[in-house]
Amino acid sequence: MTRTLAVGSVLLAAGLLALLAGVLPVPAALALAARVWPVLTFVVAMTVVTELAAAAGLFRAVGAAVARRAHGRTAQLWGGVVVLAVLCTVFLSLDTTAVLLTPVVLAVAVHARLDPRPFALVTVWVANTGSMLLPVSNLTNLLAAHHVGGVREFVALTWAPALACVAVPVVVVALVHRRRLRGTYEVDPPEPADVPVLLRRCAWVVGALLVALVSGAPVWVPAVVAALVLLVVTAQRRSGTLTPALVPWPLLVLASGLFLAAEAVQEAGLRAVLEQGLAGGGPWAVAATGLLAANALNNLPAYLLLEPGAAHDPRLLVALLVGVNAGPLITPWASLATLLWHRALVRSGVDVPWGRYVVLGLVVAPLTVAAGVGALALTT
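Residue numbers (numbering that gives the first Met the number 0): 0 to 379.
In short, the hints are calculated from the structure, not lab data. Mixed in with the good hints there might be a few duds.
Claimed, not checked - For each label pair, taking beta carbons as the anchor points, the in silico distance ranges come out as: (1) Pro26 - Arg67: 53 to 61 Å; (2) Arg72 - Val362: 23 to 31 Å; (3) Thr242 - Arg199: 17 to 25 Å.
Don't be surprised by glycine CBs; every beta carbon is placed ideally from N, CA and C.
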């Protein structure tokens, strides 16, 4: 996280210098802030909820329950994790999957004494690639939806790419880790919670939060309310858990720096270049550009940069979403969900080296984007 903070600080300083120098106009910076602050607020609030729920033992309890339901079959347990990750991503967004589901998945694997890496890898890949179907699945979708029409029009264009983009990484993980996903496992009896009352209250709050996230309200609102309630509940029962480390400061600085620096580059002339470059390109070119931009910058700034060149055609816009949603599987910073996922891994003591992640992503990302654009071409 030290490196994340350093990179974020450099980007943030560069963006602020561009603002002071007039390269980034103040109105453009304010407009960017209006679009970005809800997602950053959501991420911070969900991270606080996750940390407090984990400290209360909620994820250990859920993991033990899921492991028991698979009846000792490793493949069945992994398949259940895949289904859960897809549903969570589609209906609750990729960031929710990265923040809330990752600790559950790791707890499941640890409780069953299985290698957590195939479970962790499929969770983060599905979190990104599974975020195509609904507007609420990804902030980029919310930004794009008004160009496409209503939810029905959006789903009519995205259902086939969504299926294709989920299938590719799931198949790859199943093949790469096929030996680890065979056989059976034994589950130990669940451990009693340290503070049962706190565990129950955390479960109620998280359950209510999941319902509120699909209520239609801005997602940051229920997330903030849940975080505040859990802060009060935890202060009453286990105040030592409340530390400044609950807030993901390095990720917050990095995301802010990425957005500001990308907007400054766009205002400096990149917007016109991209609009001209994408004007004559088809879905394949737009999706490939989105993949490259997302892994070079981050998927949200990449979408904001490329949107003007694709917004005139719903098919091109969905192709762009394929690139920036399903493509950021290579670099660690390509998706905020990936950084949140890795933060959960570090806190759980699970090691998925970035080098291996990048090598696998170099194979999976192009295949996934190609499958998504191919499905789009066949169905529209």
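We went through each hint and held it up to the structure:
| no. | hint | in the structure |
| --- | --- | --- |
| 1 | Pro26 - Arg67: 53 to 61 Å | holds (56 Å) |
| 2 | Arg72 - Val362: 23 to 31 Å | holds (28 Å) |
| 3 | Thr242 - Arg199: 17 to 25 Å | holds (23 Å) |
In this structure, none of the earlier numbered hints is contradicted; all agree with it.
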